[in-house]
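K.L.:
Residues per chain, in single letters:
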Amino acid sequence: MKQPLTGWQRWLPWGIVGLAALWVVAALKPPTDPSPFRIREFAELPVLLNGRVQPLDSVARNSLLILRSKQSLALEDGKQMDATEWMLEMMTHPDLADQRKVFRIDNLEVKGLLKLAEEEKNFSFNQIKDGWEELEKQNRRIQELEAEVRTPYERGLVKINSAIGLYFRIKNSIRPENSGDFAAEIGLYRDKIAAGLVALQKSQAGEDHDENDLQMIVQFFRRYEMLSKTGYPLVVPPVDLSHKREDWRTVGASLMESMRGGQIQPAVEYYAAMTTAYTKNDPGAFNSALGEYQAWLAKSGYTPEIKKGHNESFFNHYQPFIKSMTLYVLAFLLACAYWFKWSPWLARTAFLLVGLSLVIHTSGLIFRMVLEGRPPVTNLYSSAIFVGWGAVLLSFVLERIYKDGIGSVTAGAVGFTTLVVAHNLSLDGDTMTMLQAVLDTNFWLATHVVAVTLGYASTFLAGFLAIVYIVRGLLTRSLTPETAKSLSRMVYGIVCFATLFSFVGTVLGGIWADQSWGRFWGWDPKENGALMIVLWTAAMLHARWGGIVRERGLMVMCIFGNIVTSFSWFGVNMLSIGLHSYGFMDEAFKWLMVFDVTQLIILAMGLVPIKYWRSFAKPDSGSSPNGKLSGTKTPVTPGKLTAAA
Amino acid sequence: MTAILKFWSSLRLTVVTLAMAMGLVFIGTLAQVKIGLYQAQIDYFQSLFVWWGPSGSNWKIPVWPGGYLLGLVLLINLLAAHASRFKFSKKKIGIFVIHAGLIILFLGQFATERLSVESNMVISEGASKNYSENGRKSELAIIETTDSKEDVVTSVPEAWFGNNRELNRAELPFIIKVQMFAPNAEPAAKGSNLVFTPLPPATKMNDRNIPAAEVEVVDRKGKSLAKFETSNWLSEDKLLSMVKEKLGERLSPSVFQRSEFKVDGRSFELAMRPVRYYKPYVVQLLNFSHDRYAGTDIPKNYSSRIRLINSQTREDREVLIYMNNPLRYGGETYYQASFLPGDTGTIFQVVKNPGWLTPYLACIMVSAGLLIQFLTHLIQFIKKRRTA
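So the sequences go chain by chain: Z and L. So that you can map any letter, position 335 of the first sequence is 335 in my numbering, and since no number is skipped, the others follow by simple counting. So that you can map any letter, position 10 of the second sequence is 10 in my numbering, and since no number is skipped, the others follow by simple counting.
Bound-form chain Z, shown alone:
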């Protein structure tokens, strides 16, 4: 950006970024309830699921993600139904809920089996319930097969079958779905417990007893035993906090325990009141039961849980990574436009947008860390978020130094791509699951995992810079000798950075392994993947120092580095062996192959003889590739790079 900005060009970038910032801030405003029911506050109520306290909002959103890969429900009239509202409907109006198209089915054979329309994607429970028996029958056979050998049809079938299971559990989480007035039902239950238990004891002792009381208690027992098995989130907190804070129960389990003392837990009563009021369409009763429950929670010492529920549901609503994704695309397009039309305000705007997006990305990262009480990377999902963050941060610094649009292009491209990867990984449901015993150590997560992930980020960044070099050099005339030289400097610096972090991260991983199972190095696939990155970055640096490769050769090696890194990051997880494995992910495998093939194509492009590179052909040679060529002897114009030492 050599030319100074004048007039409107000076304020336009700030104007655009200001608008974008306004868009983000405006979306922070909490949504209003669509009806007089205070559903937003209901959504924030804390429950326990997957071993952690979370708001009902997260339960609802993650369930919808699992069922239909979206966090909300599209209605027939084009409107969106909020996840919590959908979940409340499931718990109170099961007949209505059964008409909602919440099951996403992609596999054609599965659709055929269930006699569903091929051209549709989403289906309601009513549409698939006729084929359910057949589904269960098929599923029993498939369950005996190992996950690796299942066909796409079999995997699709297992998926829909478990989705139906989840659907049932949600419907029967608070009350049995056939319960009309649940508040009245548990009132009756409370009144009958004592008499029922007397009848039961007498009958066991062979004495005379009231048969009605006995039948009643037996029926309640069966009913709530069922409910205790189906209940999905644990919604009933322990009354006595001094015992065990995480000892939450499902409604069914809590009701069964009530049989002992005859007392019904306050949480059960409040939830019964809320669902009953919702069924009867009585906002006043719903809101007052909700208010009383909130007050009870606060009074009983559940302030941290209430806060967690509030914060996490705010975070769910904020969706920082989705917002960053949009801004990265915008920045990428503007920076690309800058190369075609050298208006400096384009580069300036792209740079500022990357900055804004980075701020949002960072805020999301920190928010997650605070919610989890963990370092940034705890699973594959968060590693994608962090790889993107690291690469964007480095690109931002590069752009600040060189101001030639390259940093913004790579920031936009890598930021967007990694966040898309993260988004797809989030479709499995909860992304803040608890960590297995051996991984439960913040020290090693903060050092080894962060270092290795920064290593991934930097090798990818070097690879993307190399793509810029090859694409611009071969296909356009825009790669001037100065740009080529600065690109080469950037790549070199980033490769050094990558070597440092990959090496340190890998060795720290070894030391962690030594600490936890007494083996510094065990040739585990994930360890090997990390080692491959270290070996490859070391090979790149030595090749450059020895003059074995020059500018272009280094770029080609960096592209290969992308393949190595993608193998280390995702490929090894697909070998389905070793301590680090996450299981086979066939969808991800397909995309990994797509990525690697594109990298091979770009690599081949990089090997095209220099005389065909448009940027290195003489300016007056026109479009003819056979025109006079410059420097056929020296492969790349800026000449040999000196050895480092």
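Derived from the structure by calculation, the hints contain no laboratory data. By construction, the Cβ of each residue, glycine as well, lies at the ideal position given by its N, Cα and C atoms. Among the hints, a few may not be true.
Computed, partial: chain L to chain Z, Cβ under 10 Å [to be verified]:
{"id": "1", "residue": "T14"}
{"id": "2", "residue": "V25"}
{"id": "3", "residue": "Y44"}
{"id": "4", "residue": "L48"}
{"id": "5", "residue": "G108"}
{"id": "6", "residue": "V350"}
Across the chosen pairs, the derived CB separations fall in these ranges [said to hold, decoys possible]:
{"id": "7", "chain 1": "L", "residue 1": "K384", "chain 2": "Z", "residue 2": "L475", "range": "54 to 64 Å"}
{"id": "8", "chain 1": "L", "residue 1": "R136", "chain 2": "Z", "residue 2": "Q201", "range": "36 to 46 Å"}
{"id": "9", "chain 1": "L", "residue 1": "L340", "chain 2": "Z", "residue 2": "A295", "range": "45 to 55 Å"}
{"id": "10", "chain 1": "L", "residue 1": "L340", "chain 2": "Z", "residue 2": "E292", "range": "42 to 52 Å"}
{"id": "11", "chain 1": "Z", "residue 1": "S343", "chain 2": "L", "residue 2": "K384", "range": "27 to 37 Å"}
{"id": "12", "chain 1": "L", "residue 1": "L340", "chain 2": "Z", "residue 2": "F221", "range": "33 to 43 Å"}
{"id": "13", "chain 1": "Z", "residue 1": "G301", "chain 2": "L", "residue 2": "K246", "range": "52 to 62 Å"}
Knowing the structure of chain Z, use the given hints to seat chain L on it.
P.N.:
Then chain L, alone, in the frame of chain Z:
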């Protein structure tokens, strides 16, 4: 001479070797899917060459350099480069530190591979142990139980059976003749008797060889005293319960009796069992606990509270061993590795590794070297930009 030195010290050799090493790691990782982690390690990383031959045929050709060869080439390359090309200067101090760290890492890992011994200690709650067991190697133990206070154990390693048929030790009043030995075998019923049929060696990830032998005890005059079928199938609790489950009904109960016999008023017992490493101290498991996250089966923590009793040093203390927090004692390290079904006991991984500190040292050196080197570059770069 200079040509040879030039070859060995060249950066070209470094790059080619590093690239080949990366290729080796890649194919070695893929190979784990088929032949398991343990075998892949031996074939690819702890070898001079990776061999290949069409399946079913006997010939094999080397197709790729193995881990040892590549490591050796890199080491020579590095030393030769320092001997010929590098001159020590302040500017290159980072590179020197990095390379010295790498040499320590290489040699340390080589030493670890050769010298470290891994074993397991399985203890039920309340019980004590003064030995650990090797999960992969077995031995024939001849235990003299004459003295009720102390057993005297003579052990014969598995490898001995490869080319010997007769055990004749001066300290024993008898000779043991080996009728049959199989490095890997499975139990079968022959009438009401138990026999072991040989199997090909195990190759799969979690499979191991379970040896069996048929031996005859003969006194010094040549008279046969007893014949035994002996195997890990009979000495290890887990395997024994598998045998009982599979064949128990058909076999006579005497099959499961200990292999005991008497010679000249002395009592002996024979057992094929995992190699034992006795310690001069006793470990007692006081309590094992296994926590899960609320409402899930995800393990949150495993921990073992043990009592360590060493009569030589008069130590008697309690220690808590848990995930990521091992006990280092007497040149060995105890790690929480696994547990017995129903959380009734613990399994420690016991590692003796004289070279365990080398990676720590190497890590510090290489990291420091890389930092010094790259920071000098960065500072130069910034200075240049300032002046430009």
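K.L.:
How about V350(L): closest beta carbon in chain Z under 10 Å, or not?
P.N.:
Cβ of V350(L) sits 8 Å from chain Z, so the hint holds.
K.L.:
That 54 to 64 Å hint for K384(L) and L475(Z) (C-beta), does it hold up?
P.N.:
The hinted range 54 to 64 Å is violated for K384(L) and L475(Z), with Cβ atoms some 31 Å apart.
K.L.:
Hint says 33 to 43 Å; check whether the CB-CB distance for L340(L) and F221(Z) agrees.
P.N.:
Given a distance of about 35 Å, which is inside 33 to 43 Å, the answer is holds.
K.L.:
Determine whether the Cβ-Cβ distance between R136(L) and Q201(Z) falls within the hinted range of 36 to 46 Å.
P.N.:
About 59 Å separates the Cβ atoms of R136(L) and Q201(Z), which means 36 to 46 Å is violated.
K.L.:
Does the Cβ pair G301(Z), K246(L) satisfy 52 to 62 Å?
P.N.:
holds, 55 Å
K.L.:
Could you check if L48(L) really has its C-beta closer than 10 Å to a C-beta on chain Z?
P.N.:
With a minimum Cβ separation of about 17 Å from chain Z (threshold 10 Å), the hint on L48(L) is violated.
K.L.:
T14(L) was flagged as interface toward chain Z. Is the shortest Cβ-Cβ separation under 10 Å?
P.N.:
holds, 5 Å
K.L.:
How does the Cβ-Cβ distance of S343(Z) and K384(L) compare with 27 to 37 Å: does it lie in that range?
P.N.:
holds, 29 Å
K.L.:
Range hint 45 to 55 Å: satisfied by the CB atoms of L340(L) and A295(Z)?
P.N.:
Once the Cβ atoms are compared, 48 Å apart, the range 45 to 55 Å for A295(Z) and L340(L) holds.
K.L.:
With 10 Å as the cut and Cβ atoms as the points, is V25(L) at the interface with chain Z?
P.N.:
Check passed: Cβ of V25(L) comes within 5 Å of chain Z, closer than 10 Å.
K.L.:
Does Y44(L) pass the interface check with chain Z, least Cβ-Cβ distance below 10 Å?
P.N.:
holds, 8 Å
K.L.:
Are L340(L) and E292(Z) spaced within 42 to 52 Å by their CB atoms?
P.N.:
Distance hint for L340(L), E292(Z) holds at roughly 48 Å.
Consistency with the previously given hints fails for numbers 4, 7 and 8, ordered from lowest to highest.
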